[in-house]
Amino acid sequence: MTSTGLYGTYGGRYVPETLVPALDELEAGWLAARSDESFQAELDELGRTFAGRPTPLTRAERFAPDKRLYLKREDLLHTGAHKLNNALGQAVLAQRLGKRRIVAETGAGQHGVATATVCARFGLECVVYMGEEDMRRQRPNVERMQLLGAEVRPVDFGTRTLKEATSEAIRDWITNVETTHYLIGSCVGPAPYPEIVRELQAVLGRESRDQFLAAEARLPEVVAACVGGGSNAIGMFAGFIDDEGVRLLGVEAAHAASLGTGNAAVLHGARSSVLADEDGQIIDAHSISAGLDYPGVGPEHAWLRDSGRAEYVSASDDEALTAFGDLTRLEGIIPALEPAHALARARELQEEFVLVCLSGRGDKDLAEVLAR
Amino acid sequence: MKKLVIYLMSGRETPKLAAAAVRGGADLVELGFPFSDPLADGPVIRRAAERALSEGMRTRTCLECLSQTRELVGDLPLVPMTYSALLEAYGWERFAVDARAAGATSVIVADLPAGERPELRRIQLVAPTSTDERLRFAAAATDGWLYLVTLTGTTGARSDLSPELAELVRRARAVTGLPLYAGFGISTPDQARAAAELADGIVVGSRAVEVAALGPKALQAYVRSLRDAIDSVVP
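Residue numbers (numbering that gives the first Met the number 0), protein chains in the order written: chain A, 0 to 371; chain U, 0 to 234.
The following block holds chain A by itself, in its conformation from the complex:
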């Protein structure tokens, strides 16, 4: 990344001027925190004693009998998904910046729950924007956020999903920027957010690289992860990016494939690969999984795609549902629908040694799956 927050030609800060000083302040606070050993020590301690790190690596022997396929078990993290890694880190950062009010967007509700959880833990005011369509299909997470003391504000226009929820969270931040930290949930948004989220999720790659080496005395041939905004994937990839022989594979939802079928466009503060028409207007994404139902993606993924270091493929709703059912019945693990997309592609790979990020658990998806 360059000093101006660019990944190749992607990234940047396409935001109203009102936010620029807050982004400068965030960047300065982030750089100070990163070089402060006490910040990392605090995060490590919270990870161990509050979140449940390290999460285990589990071999999925019955799901992929012809492979040595391992799952990074972020479904076992407190709150049930990898989102907590980022939420904890940003909550500690927000307090260093003196911000006592947190706004966030959520799609599947996992980031909203993680944010509501850290706000409860640290006594911060919490407002979460969520599309009405997502509130319907992820009802248990809405109730969890409310129990945790967060205010969930429905977004009732446009797609009524993650795209509009993100826009409304950013509008709230513009309005309350003096008191509020925007706790973005993925490696998207204006600089320095993509870098902050990657670094806070890089624990996934660090841990699973060590764990895979311990289990197999070698590195995986492929590291696979689902990609909506792309935070679990970028965290996993961060651990293996310098291991040239390791294929990095991102799996998008077929009708939300920002990297597979998108164009260079500007959305939510950054230039990236986006589902947009020839005029730059954003096109609606569609996925059974609320967490992948987003027309944009982190700018670093667009750069990794262009450079060829990572590859991106897609899986359909039905393929994800099949993988969801198989993992549940064969391994006794109910995955979230998001990583079920990664599982669907990972099981078909030619390679034997495969690592998949099981980014979250599927409790939130039961109603959606049972309705099929």
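The hints are simulated quantities; they were obtained by calculation from the structure and are not laboratory data. Note that the structure is predicted; figures quoted are calculated from it, not measured. Check before you lean on any hint, since a few could be wrong.
Per the computed footprint, the stretches of chain A lying under chain U, defined by three or more beta-carbons under 8 Å from a beta-carbon of chain U, are [stated by the list, open to error]:
1. 36-46
2. 120-128
3. 260-270
DEER-style ranges, computed between Cβ atoms [stated by the list, open to error]:
4. THR174(A) x ARG169(U): 52 to 60 Å
5. ARG58(A) x ARG93(U): 50 to 58 Å
6. ASP227(U) x THR174(A): 25 to 33 Å
7. SER37(A) x ALA140(U): 49 to 57 Å
8. ASP23(A) x ALA217(U): 40 to 48 Å
9. GLU177(A) x GLY143(U): 29 to 37 Å
10. ALA173(U) x ASP362(A): 34 to 42 Å
11. THR8(A) x ALA217(U): 52 to 60 Å
12. GLU124(A) x ALA173(U): 31 to 39 Å
13. GLY114(U) x ASP362(A): 55 to 63 Å
14. PRO178(U) x GLN39(A): 44 to 52 Å
15. GLY122(A) x ARG93(U): 46 to 54 Å
16. SER315(A) x ARG22(U): 37 to 45 Å
17. GLU36(A) x GLU196(U): 50 to 58 Å
Note that CB positions come from ideal geometry on N, CA and C, so glycine has one too.
Start from chain A and add chain U according to the hints.
The following block gives chain U in isolation, referenced to the frame of chain A:
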């Protein structure tokens, strides 16, 4: 004389509406080129953008609207106001050239702060949160005048003029001699007068968009009420 800037969303009726605004006393018209995800806008302009998009207003049709407006308003300054996404898709330089050819005086990009895409000459916005250093930076880069965002927030009417404006004007005056036009949250003649007492001009957007929906006559009368209010300011 204080300047009066009126914002209208591009659409089939917009050239006639712009002409009505000019008859009412507008000195400059901003033409919104709609974007599907307008982060700087509150509900009124967001909904106007959704409507314009559903009626087929895209970059090319907006440029045609600009060109038709130009024919009706003589030499009056016309400024497209839009978002980076449209320029990214159309081509940054191509947009600047084609907008100029269609009659644009300059351009405003709501999500393109000073420092990003410096090659695009445009009117820069500054906000109450801008540091003095950024005020200086934006003033050095801006095209003719500086757009003062009166409040920390999105576009849309407010019950009172932002108390943050006076301090922003004072800080901006300290770094530039360029004209300062204040916008965001100004909708009533009283607010227009109060803002014009501080700044060199005012911008009215959301309320103008709402009144424009009632037709050219209503818009002309509304703009006239703003004109009279700011003309009552003793220089």
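Hint check:
Counting residues of the stretch 36-46 of chain A whose C-beta sits closer than 8 Å to any C-beta of chain U gives 0, which falls short of three, so the coverage hint is violated. Residues of the stretch 120-128 of chain A lying with their CB closer than 8 Å to a CB of chain U number 0, which falls below the three-residue condition for coverage. Given as covered by chain U, the stretch 260-270 of chain A passes the check, having 8 residues with a CB less than 8 Å from a CB of that chain where 3 are the minimum. For THR174(A) and ARG169(U), the hinted distance range of 52 to 60 Å is not satisfied, since their beta carbons lie about 23 Å from each other.
About 55 Å separates the C-beta atoms of ARG58(A) and ARG93(U), a value consistent with the hinted range of 50 to 58 Å. Between ASP227(U) and THR174(A) the beta carbons are some 31 Å apart, a value that agrees with the proposed interval 25 to 33 Å. Taken as a hint, the range 49 to 57 Å is violated for the pair SER37(A) and ALA140(U), whose Cβ atoms sit roughly 40 Å apart. Taking 40 to 48 Å as the suggested C-beta distance range, the pair ASP23(A) and ALA217(U) conforms, at roughly 43 Å.
Between GLU177(A) and GLY143(U) the Cβ separation comes to about 30 Å, which falls inside the hinted range of 29 to 37 Å. At roughly 57 Å, the beta-carbon separation of ALA173(U) and ASP362(A) lies outside the given 34 to 42 Å, and the hint is violated. In this structure, THR8(A) and ALA217(U) break the distance hint of 52 to 60 Å, their C-beta atoms being roughly 46 Å apart. Between GLU124(A) and ALA173(U), the C-beta spacing of about 35 Å keeps the proposed range 31 to 39 Å intact.
With their beta carbons about 45 Å apart, GLY114(U) and ASP362(A) fall outside the hinted range of 55 to 63 Å. Distance hint check for PRO178(U) and GLN39(A): the Cβ-Cβ separation is about 50 Å, which falls inside the suggested range of 44 to 52 Å. Between GLY122(A) and ARG93(U), the C-beta spacing of about 52 Å keeps the proposed range 46 to 54 Å intact. Checking the proposed 37 to 45 Å range against SER315(A) and ARG22(U) shows it is violated: the Cβ atoms sit about 57 Å from each other.
Between GLU36(A) and GLU196(U) the Cβ separation comes to about 53 Å, which falls inside the hinted range of 50 to 58 Å.
Of the numbered hints listed earlier, those contradicted by the structure are 1, 2, 4, 7, 10, 11, 13, 16.
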